[in-house]
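S.K.: One-letter residues, chain by chain:
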Amino acid sequence: MKFSYREEGAVTILGPQGKIMGGADASLLHQRLYELIDKGRKKVVIDLSGVDWMNSSGLGILIGSLISLRNNGGDLRLACLNERIRNLLQVTKLDSIFDVHETVEGAIESFI
Amino acid sequence: MLDEEGKRIVLTLPRSPSAVKEADEITERVANQMGFDPKSVDEIAISTTEAVNNAIEYGQGKIFLSLLPSKDRLIIEVWDEGPGFNPQKLKDPASPENIMRTRGRGIFIMRSLMDEVKIRFRRGTKVTLVKYIRS
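Protein chains in written order, with this note's numbering: chain H, 18 to 129; chain X, 34 to 168.
Some clues are possibly wrong.
[To be verified] Output of the computed footprint for chain X on chain H, the stretches with three or more beta carbons under 8 angstroms from beta carbons of chain X: (1) 31–39; (2) 80–88; (3) 109–120.
Source of the hints: derived by calculation from the structure; they are not laboratory data.
Since the model is a prediction, treat every value here as computed from it, not as a measurement.
We put the beta carbon where it would ideally sit given N, CA and C, even for glycine.
Given the sequences, and given the hints that come with them, work out the whole structure.
M.R.: Set out below in structure tokens:
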């Protein structure tokens, strides 16, 4: 899985690309998250505009990211979900635990 | 490999994460060729990757993927040679006590996205997924 990276003040924006199916995807994203936590960058937005779809492994990666950040005093926002991913969150009721935003800008502002 | 009618596709997948990508690619190709709409193609691919992921994680031995296209439906089967598991023992992943678990949503998602899901768990687990073409 490839993903973009940028910083906006204290907020870090990660943008995974393609399909999130599990396997190496999880370790790559978790590794990057722990690097951010070690650096004290604990406010993270995952921009899902480049993700076509994800399965339960992808959802597990997002939950793991949320838990890791919150356990370290940070938090996670999700932004730009397509209809498929939004439906998946609704079906699994995970829309009740994630803070979801229409835009990356909205997600960044929610941290302020 | 094709069967006598030249329709059924059967693959043996490696017990590794690359199997998921392989299953996704062949499933999407067949579903697209059959004329499924893009949303259904994604739902079929997501469900197939769930079944293959489960076979990698919980099964044993070889993993098999079968695709049987027909006029009105696609039947996908994923099976392995492991001891099998009892789906009745699965916890509800959407319940408040399980909602933060990072695993255990695969079958729940398959049942949400496919028209029919059957799971046989004697002598290895066999998952059968069915999606109908909407006219």
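S.K.: Hint by hint, say whether it matches the structure.
M.R.: Going through the hints against the structure:
1. 31–39: Per the Cβ count (3), the hint holds.
2. 80–88: holds (count 3)
3. 109–120: Three-residue rule met by the region 109–120 of chain H, so holds; n is 5.
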